[in-house]
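There are 2 protein chains.
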Amino acid sequence: MIKVGINGYGTIGKRVAYAASMQDDIHVSGIVKNTPDYMAYLASRSFNIYVPDDDKIKEFEDHGIKVKGTLNDLMESSDIIVDATPEGMGMENIKIYKKKGVKAIFQGGEKSNIGDASFNAYSNYNESFKREYTRVVSCNTTALARTLYPILNDYGIENLNVTLIRRATDPNDNKKGPINAIEPSMSFPSHHADDLKTVLNLNNVYTVALKAPTTLMHVHSIEVLLKDDAKIDDIMESWLKYNRILLIEGKDNFKSTAQIMDMARELRRDRGDLYEIAIWRDSVKVIDKRLYYVQAVHQESDVIPENIDAIRSLSGIDKNESIEKTDKSLMISGGIFYGKE
Amino acid sequence: MIKVGINGYGTIGKRVAYAASMQDDIHVSGIVKNTPDYMAYLASRSFNIYVPDDDKIKEFEDHGIKVKGTLNDLMESSDIIVDATPEGMGMENIKIYKKKGVKAIFQGGEKSNIGDASFNAYSNYNESFKREYTRVVSCNTTALARTLYPILNDYGIENLNVTLIRRATDPNDNKKGPINAIEPSMSFPSHHADDLKTVLNLNNVYTVALKAPTTLMHVHSIEVLLKDDAKIDDIMESWLKYNRILLIEGKDNFKSTAQIMDMARELRRDRGDLYEIAIWRDSVKVIDKRLYYVQAVHQESDVIPENIDAIRSLSGIDKNESIEKTDKSLMISGGIFYGKE
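In order, the protein sequences belong to chains W and G. Heads up: the first sequence at position 73 corresponds to 73 in UniProt numbering, and the numbers run straight through without jumps. Heads up: the second sequence at position 152 corresponds to 152 in UniProt numbering, and the numbers run straight through without jumps.
Simulated from the structure, these hints should not be mistaken for laboratory data. Just so we're clear, the structure is a prediction, and the values are computed from it rather than from any experiment. C-beta: ideal position from N, C-alpha, C; glycine also. Some hints could be false.
To be verified - The calculated label-pair distances, taken between Cβ atoms and stated as ranges, are: (1) K251(G) with K99(W): 48 to 54 Å; (2) G335(G) with M236(W): 44 to 50 Å; (3) D270(G) with K95(W): 55 to 61 Å.
Said to hold, decoys possible - Dumping the calculated PhoX-like pairs for lysine-lysine here, alpha-carbon to alpha-carbon at most 25 Å: (4) K197(G) with K289(G); (5) K227(W) with K289(G); (6) K255(G) with K176(W); (7) K227(W) with K255(G).
To be verified - Some, not all, of what chain G presents toward chain W, calculated at C-beta under 10 Å: (8) N159; (9) T163; (10) S187; (11) P189; (12) N204; (13) A212; (14) L216; (15) W280.
Using the sequences and the hints given, assemble the complete structure.
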């Protein structure tokens with residue numbers, strides 16, 4: 001059993017904790033929570049609760065939440081820490097993990113040079129194999145790597161151009177905007193172009209990111225200039241080899257991100273999450289070696305299978321074995337959607 | 001004086017009526033309103049009110065709104081009718097205009113074959129010159145034609161790829177969604193690709209359109225594969241020759257469409273409108289003959305100057321004379337924004 005501690009229990013941390021607990025070769029030794037709120041209380045029903053340091057113990061116990069120990073204690077009972085603390089804190093935390101000699105996995109908000117590698121299960125599982133530190137790239141980069149890797153493998157990519165329409169904030173945040181505007185990221189290209197290159201062997205990439213007032217999903221509009229020509233059916237075949245890609249259609253009433261997330265709830269997935277990247281089949285076109293498609297990304301959950309695989313990669317477990325275990329445990333089946341259950 | 005009647009007084013009709021009334025060579029003979037609501041009352045303070053047919057007269061007068069006559073009467077006192085009725089009604093209306101022998105201008109919601117030509121002031125003013133019927137293309141197509149025409153002229157366009165993030169509905173509509181989702185148009189490419197070709201001489205165009213829950217503006221993310229190479233400064237120079245293009249920057253706090261529309265209000269433009277297409281200078285990049293930029297489009301008003309110029313084109317008035325008059329009367333000055341007033 002690989003013993004895993006989760007440092008941080010927000011959008012990503014709580015999902016990694018759940019997904020890790022579903023694996024037969026991974027044991028969740030505990031989670032670190034910073035404040036004794038409703039989420040800490042709910043977490044304590046499933047996991048051992050740890051706090052950053054001794055000062056916090058009384059605060060938690062005053063709220064009736066039993067504390068097992070501090071981050072220091074958690075590291076002692078863990079082989080790997082999944083760091084899901086807020087963006088930018090990883091750089092400080094890695095010093096603590098190094099001092100203690102515990103492996104760690106960081107999230108996409110951290111700088112790409114924080115560990116030994118960046119991680120996407122399909123495209124570069126082996127770059128993190130038996131290493132100490134890796135970083136699972138962000139939800140957007142994960143989505144791009146996942147649907148582009150089959151294309152890159154089978155046809156080559158000469159040039160890539162992506163427009164990312166980003167959700168403004170996550171569903172549990174009632175403070176962030178825009179609430180009635182469209183807001184381009186003022187980096188041109190946006191950081192996704194460089195980030196994608198950390199997990200996918202690409203040269204010419206341009207990305208533009210724009211925030212829209214929605215909380216549900218990101219949507220990407222993608223143009224790929226292929227090296228080798230391909231037909232639409234060839235492209236479909238490339239994608240269908242991978243479980244973490246789901247093909248949906250407008251005629252099944254998948255008219256917007258609202259219906260996609262509703263479908264995920266109906267599938268009774270944990271938290272109503274959708275781990276797969278959903279591609280609209282209607283949108284897949286090939287014109288003069290240019291492949292066009294539109295995909296939707298559940299920003300809260302698409303990186304969760306990658307976090308689980310990153311745990312196994314650092315632990316020296318084979319790529320295909322890991323991906324298969326993760327997919328099976330989380331009921332990830334991909335393919336073409338036809339009222340699947 | 002060119003006598004102009006406006007059939008329909010919604011988002012576009014009321015703005016064309018105002019803009020036409022600001023011209024020294026155009027007289028607004030009246031406007032046709034279908035229902036005696038608050039908008040009809042406000043219109044009656046500035047314009048003669050006409051109704052579709054005799055049956056409506058009593059209904060309006062019961063609401064205290066004086067009616068000058070019917071559409072038939074308005075056509076008799078007009079050289080040109082600007083048809084701003086709801087999308088798709090133009091095909092029926094044109095029969096009435098033809099029978100009466102009155103010229104007419106339609107809006108972008110009508111089929112492209114409704115008249116003798118489609119219209120954009122910069123790119124094809126002369127195709128409507130002295131003709132009977134023309135169609136001002138939609139707000140999105142107008143925006144694309146306007147900023148691409150200088151590029152096409154100066155450098156040629158090999159390939160064009162546009163992602164349009166559309167506002168869900170106009171500010172005065174409280175019914176239409178999406179209210180928390182991103183909704184791709186299920187036409188791939190979207191209709192904008194073909195529509196653009198009606199006013200701009202292009203071959204390879206691909207467009208994807210997605211609705212976002214906002215009412216303020218559309219935003220376009222554009223990739224142009226140039227025929228001739230160009231530097232960013234060259235591109236700027238091409239645009240700066242045209243008044244209906246405005247260059248804005250993130251550092252001036254133009255971070256989203258919200259600040260752009262706020263600026264238009266501060267300029268004390270009629271109705272807080274922005275006739276110009278706003279391009280973020282930050283977004284303009286040229287990489288290997290590929291030009292990238294992002295622009296914002298005020299969907300309620302960017303076609304208004306085009307409607308005025310279409311009136312003069314049908315009337316046989318010179319292109320440059322018309323554009324200059326329109327720009328001056330509506331205080332359209334374009335250029336680079338530096339706290340301009």
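Against the structure, the hints:
Distance hint check for K251(G) and K99(W): the Cβ-Cβ separation is about 42 Å, which falls outside the suggested range of 48 to 54 Å. For G335(G) and M236(W), the Cβ-Cβ distance of about 48 Å falls inside the hinted range of 44 to 50 Å, so the restraint holds. Distance hint for D270(G) and K95(W): a CB-CB separation of about 60 Å, consistent with the stated range 55 to 61 Å. This hinted pair checks out: K197(G) and K289(G) have alpha carbons roughly 22 Å apart, not beyond 25 Å.
For the suggested pair K227(W) and K289(G), the alpha carbons sit about 18 Å apart, so the restraint of at most 25 Å is met. With a C-alpha separation of about 14 Å, the suggested pairing of K255(G) with K176(W) holds against the 25 Å cut-off. The hinted pair formed by K227(W) and K255(G) fails the criterion: a straight-line CA distance of about 37 Å is larger than 25 Å. Given the 10 Å rule on beta carbons, the hint for N159(G) holds: about 8 Å separates it from the nearest Cβ of chain W.
Checking T163(G) against chain W by beta carbon gives a least distance of about 4 Å; that is within 10 Å, so the hint holds. The beta carbon of S187(G) is positioned within 10 Å of a beta carbon in chain W (closest approach about 8 Å), and the interface hint is therefore held. With its C-beta approaching chain W no nearer than about 7 Å, P189(G) sits inside the 10 Å limit, and its interface hint holds. A least Cβ separation of about 7 Å between N204(G) and chain W falls short of the 10 Å threshold, and the interface hint therefore holds.
At its closest, the beta carbon of A212(G) sits 4 Å from a beta carbon of chain W; the interface hint therefore holds under the 10 Å criterion. Hint on L216(G) holds. Least Cβ distance to chain W is approximately 6 Å, under the 10 Å limit. A cut of 10 Å between beta carbons decides the hint on W280(G): the least distance to chain W is about 6 Å, and the hint holds.
Hints 1, 7 from the list above are not met by this structure, while the remaining hints are.
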